[in-house]
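Asks: Residue numbers (my numbering), protein chains in the order written: chain S, -10 to 69; chain E, 10 to 625.
Everything labelled a hint here was simulated from the structure, so no lab data went into it.
Cβ atoms here follow ideal geometry from the backbone N, Cα and C, with glycine treated the same way.
You may find that some hints are simply not true.
The following residues of chain S were derived to be distant from chain E, with all beta-carbon distances above 12 angstroms [as the list claims (entries may be wrong)]:
hint : residue
1    : Gln(-8)
2    : Asp(-3)
3    : Leu(-1)
4    : Arg15
5    : Gly58
6    : Leu63
7    : Asp65
Covered stretches of chain E (chain S as the covering partner; in silico rule of three or more C-beta atoms under 8 angstroms from a C-beta of chain S) [stated by the list, open to error]:
hint : segment
8    : 129 to 143
9    : 432 to 441
Straight line, CA to CA, 27 angstroms or less: simulated BS3-like cross-link-like pairs of lysine-lysine [unchecked claim]:
hint : chain 1 : residue 1 : chain 2 : residue 2
10   : E       : Lys547    : E       : Lys603
11   : E       : Lys14     : S       : Lys(-2)
12   : E       : Lys608    : E       : Lys547
13   : E       : Lys604    : E       : Lys547
14   : E       : Lys164    : E       : Lys118
15   : S       : Lys(-2)   : S       : Lys67
16   : E       : Lys118    : E       : Lys480
17   : S       : Lys21     : E       : Lys51
18   : E       : Lys54     : E       : Lys14
19   : S       : Lys(-2)   : E       : Lys51
20   : E       : Lys240    : S       : Lys67
21   : E       : Lys50     : S       : Lys(-2)
22   : E       : Lys14     : E       : Lys50
23   : E       : Lys584    : E       : Lys164
24   : S       : Lys21     : E       : Lys240
25   : E       : Lys18     : S       : Lys(-2)
26   : E       : Lys455    : E       : Lys547
27   : E       : Lys528    : E       : Lys455
28   : E       : Lys547    : E       : Lys579
29   : E       : Lys528    : E       : Lys608
30   : E       : Lys50     : S       : Lys21
31   : E       : Lys584    : E       : Lys480
32   : E       : Lys480    : E       : Lys579
33   : E       : Lys480    : E       : Lys603
34   : E       : Lys314    : E       : Lys344
35   : S       : Lys21     : E       : Lys54
36   : E       : Lys54     : E       : Lys118
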Amino acid sequence: MNQDAIWDKLIETFRDVFDEPELVVRSETTAKDVLDWDSLTHIQLLVALEQAFDVRFNTGEVAGLADVGAMIDLIDAKLK
Amino acid sequence: MQALKALIKSEDYELAWQRLMTLADSVGDYPSLTGLCRLRKKLGKISQRPGLRRVVRLAVLGGASTELLEGPLQLFIESQGLDAIVQCSEYNTFVQEILDPASDTVSFKPDVALLMTTAANIPRWPGLGDDLDGVNRTAVDVSDYWLDLCERLHKQTNCEVILDNFHAIPTRPLGNLAVKTPSEPNNFLARVNLRLGENAPAYVHVNDVAQLACQYGVRNWFDARFWFHAKQPVSFSCLIPYVRNTARMIGALLGCAAKCLVLDLDNTLWGGVVGDDGVEGIRIGDGDAVGEAFKAFQEYVLNLKQRGVMLAVCSKNDEVHALGPFQELSDMVLKRDDFVAFVANWEPKPDNIAAIAAQLNIGLNAIVFVDDNPAEREHVRQRLPEVRVVELSDDPADYPRILDDAGYFEVMSISAEDQARTRQYQQNAARVRLQESAGDYQDYLKSLDQRAVIRPFEKNHLERITQLINKSNQFNLTTLRLSRSQVEAMMTDEDYVTVCVRLADRFGDNGLISVVAGKQVDNVLHIELWLMSCRVLKRNVEMLLLNHLVDISSRRGVANIQGIYRPTPKNGLVKRLYPTLGFQEAGDMPDGAKKYSLKLDGFSPLSPPIMVVDEY
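Can you build the whole structure from these sequences, using the hints too?
Replies: Shown next, in the form of structure tokens:
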């Protein structure tokens, strides 16, 4: 899967989880920038991403994903 | 889900609520569930759910994070025909919440409290070298610790308590030797669970998380990552079974459990179409894999019947074809006599199901419908949204598990009445036939040879009395629901007059069928509770009861009996009961209930065709 396809799927997952059909996220987007992105939705988001990409985040990664760019990089690395 | 979004967009809120509840009842994956919870929130902001329902106040306490459960619990409770207010307390604050009389939980005044626990909350583990007696003593101590917390909570708030038991730990440092080592953690947890089940008082309902985790696999049930990260007690993939199971217990506590299973025949109870394939051509019984799968399903259904679920048939068939397998095939586990209603015709199924409900005198939400045909299921869902429709797979080997997972028949106790229910309904059918031949109704009642035993509440009937109080909807003047301990309190309170009636007739014993309780204040008896099982409607039991009430009341120096009719969507049947019995209207209450009053002075006893006996 190339970076563009990962981005598309990731944005789709974000929109789904936050129920915001127009939501836009960028590499530098963090939890502070998105309404309702608290520790609970963070977990829901990770579970949704795991399902969408068929990957598994380990315990350290669950806590460490600070911005969307880090998520993209991690997913990209796991898919390779 | 798309259809639901469209309904919300087009502002058809009534249908949207209905659709939401139907979807919630069958949702199977976590992403869809979170989607439904979001839509529930959205819908709740822009419209009020139509209709009148009972509200249940649920407090969730946990040795784990409970926040993520709030939305799903609310939705699953609501989908059973209730309204729910759910309050979750902070992680691991359950001891403070229970002991502090000013805590959020206590001041919330819950009807039901859910105490979520995990093995991390076990206060004390046995030492590796402890012998069997020592380990068992520790198991008793640990289970007592939990039951003691439940008791304190119950005493503070009078709520019913749902207590999780403990699922196994997914690792076993001792390997297979664990089986022979009582102090090994999983060996020990099994002992604690046994004690909880054995020693839980009536107000504690043990949530069998151990069994659920076993069904789904402990390693799927518990996701260590999310435990370390956010103290999630149940993995996301198993959240639905946990919440659904818990919500069913709450529904059962509030009298929402289903009572009757309506079954299709072709490809539901046997393989093939009997009208086309003939009795010899259908697949049921040993020697054929598909036939064995259907037989296993029939065995599961028979187990339900034996614990008190009524069975009915609703099949598109000529009756003669539908009856064939029951009469001719010894491999059929279910017999014609196992069913309280048998409808085989070509009318639309929703009409037939509504007729079955009317015949049995039960609400549509007390019916579970099982049919292999998705079109029939959808037809029933649309026409009768209250009926619980089971979403079968296309494989009969799955049927028992699917029906079992749905949990519609959850009960908090099983009384002798439950086990005898099918027989009682069949006797009822015989009574109806007699009535049709007897002509005049009073003659018919006389011909029934009715005998009644009238007693105050007694300990050995508490279970049945509580059950009747929480299940009766139609003949129920106040629809006041009470826990077993509240009923027990009435029984021992000198100010209360309590009455229950058992009724027998020439066709058999109807069991304990009517309950009345009233509180005497000075010279007035205030009836707080008057209800009767619908099995014995129009048998003049209410006349007998009034005679009895007047009799005890006058001996207690009562001058006036005061009754209340509090209307609900289901109790229109008894709207005129008090005036019919000679009570005078005595004004309205703020909540819309009507008061009635009867002067004892000048009351002339009624003469129902029922003989009062000490024992029949």
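Asks: Taking C-beta pairs only, is S:Gln(-8) more than 12 angstroms away from all of chain E?
Replies: holds, 24 angstroms
Asks: Should the label of S:Asp65 as a non-interface residue stand, given a Cβ cut-off of 12 angstroms to chain E?
Replies: holds, 21 angstroms
Asks: For the pair supplied as a hint, E:Lys240 and S:Lys67, confirm whether the alpha-carbon distance does not exceed 27 angstroms.
Replies: holds, 26 angstroms
Asks: Check whether the Cα positions of E:Lys164 and E:Lys118 lie no farther apart than 27 angstroms.
Replies: holds, 12 angstroms
Asks: Just to make sure I understand the rule, a stretch counts as covered if three or more of its residues have a C-beta closer than 8 angstroms to a C-beta of the chain. Does the segment 129 to 143 of chain E meet that for chain S?
Replies: Violated: only 0 residues of the segment 129 to 143 of chain E have a Cβ under 8 angstroms from chain S.
Asks: Just checking, S:Gly58 versus chain E, shortest CB gap more than 12 angstroms?
Replies: holds, 21 angstroms
Asks: Taken at face value, is the distance from the CA of S:Lys(-2) to the CA of E:Lys50 at most 27 angstroms?
Replies: holds, 26 angstroms
Asks: Holds or violated: are the alpha carbons of E:Lys608 and E:Lys547 at most 27 angstroms from each other?
Replies: holds, 25 angstroms
Asks: Hinted pair, alpha-carbon criterion (27 angstroms max): E:Lys50, S:Lys21. Please report holds or violated.
Replies: holds, 23 angstroms
Asks: Compare the distance between the alpha carbons of E:Lys455 and E:Lys547 with 27 angstroms, and conclude whether the hinted pair is satisfied.
Replies: holds, 13 angstroms
Asks: Would you check the hint for E:Lys480 and E:Lys579, treating anything up to 27 angstroms between C-alpha atoms as holding?
Replies: At roughly 12 angstroms apart (the allowed maximum being 27 angstroms), E:Lys579 and E:Lys480 satisfy the hint.
Asks: Would you check the hint for E:Lys584 and E:Lys480, treating anything up to 27 angstroms between C-alpha atoms as holding?
Replies: With a Cα-Cα distance of about 19 angstroms, the restraint between E:Lys584 and E:Lys480 holds, given a limit of 27 angstroms.
In terms of the numbered hints stated before, the structure departs from hints 8, 9, 23, 27, listed from lowest to highest.
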